[in-house]
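J.: One-letter residues, chain by chain:
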Amino acid sequence: MSGPGVGWYLIVSAALFGIGSLGVMLRRSPLIVLLSLEIMLNGANLALIAFARQLGNLDGQIFALAVMAVAAAEVAIGLGLIVAMARRDMALDVDQASVLRG
Amino acid sequence: MGNVLVWIVWFLAAGACLGSGIAVVSLTNPFYSALALIGNLASLAVLYLLLAAEFLAAAQVLVYAGAVMVMFVFVIAYLGGRADAPWAGGSPVMQTAAVVAAVALLVEVVVVLGLAWGDDLKDSAEVSDSFGSPAAIGELFLTDHLLAFEITSIVLLVAAIGGVVLGTTHEKGRP
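Protein chains in written order, with the working numbering: chain S, 904 to 1005; chain X, 5 to 179.
Think of the hints as simulated: they come from the structure by calculation, not from any bench.
Treat the numbers as computed from the prediction; the structure is a model and nothing was measured.
Glycine included, every Cβ here is placed at the ideal spot set by N, Cα and C.
Each hint should be verified, as a subset may be incorrect.
Partial selection, computed: residues in chain S whose CB lies under 8 angstroms from chain X [as the list claims (entries may be wrong)]:
1) Y912
2) A917
3) A918
4) L919
5) L938
6) S939
7) R956
8) G959
9) A967
10) L982
11) G983
With the hints as constraints, model all of the structure from the sequences given.
T.: Take a look at the structure:
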């Protein structure tokens, strides 16, 4: 075995996911929440690619590419929402954007 | 010798990855957060290279660190001072609950991985040089995963249309 095994990558992946979820839950700025979401998605991507290498199967890398495309779509919509919020002079605070709450 | 080099590169990339991730979550200026995320994505690309995923490493730098982050920086520049994100979260109870929930999520991930740990994860598989090359990925995308490929293009089209609709101003209907 040359270099770190899959377990080392999974530790980094789980830590990234935890850091990202902390950011999503603690921060109130929608921009930082979106950035933290990207960290969570990348943590999942790292696990997918590590397992693809471990099992010698490229399907994991294909899945990671699909996750990247979904992340790009999510950023486009999320940033559109943030710009729309700013245009309507709403506070950029996810706690105050609660009109749709049931 | 090459083995030691791989470990050194791994530790540098993983450390940069986690450090910049913490910076993204903890900085109050979203512009610096976005810059830290670019560093995070670049160090992740190094980890992808170590995992024989050349095409994904290149796509990570081009699509993520390039295109997606440019969108972020443009929006942060458009918002100007309004984008500043001071730390003020909710009540202390909510903050504590958020930390507890995040730690619980992390523990869950670790436990699930530990339960799934088996003999087939001891040694990694032997892979050929073409593993993770653009040709291999492209071939899989156009054969086994054609449906995923087409659906991905529809997702991106819908997101592009949605971004345009959200960004359009309606002179009459504007509240």
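J.: Output the indices of the hints that this structure fails to meet, ascending.
T.: none
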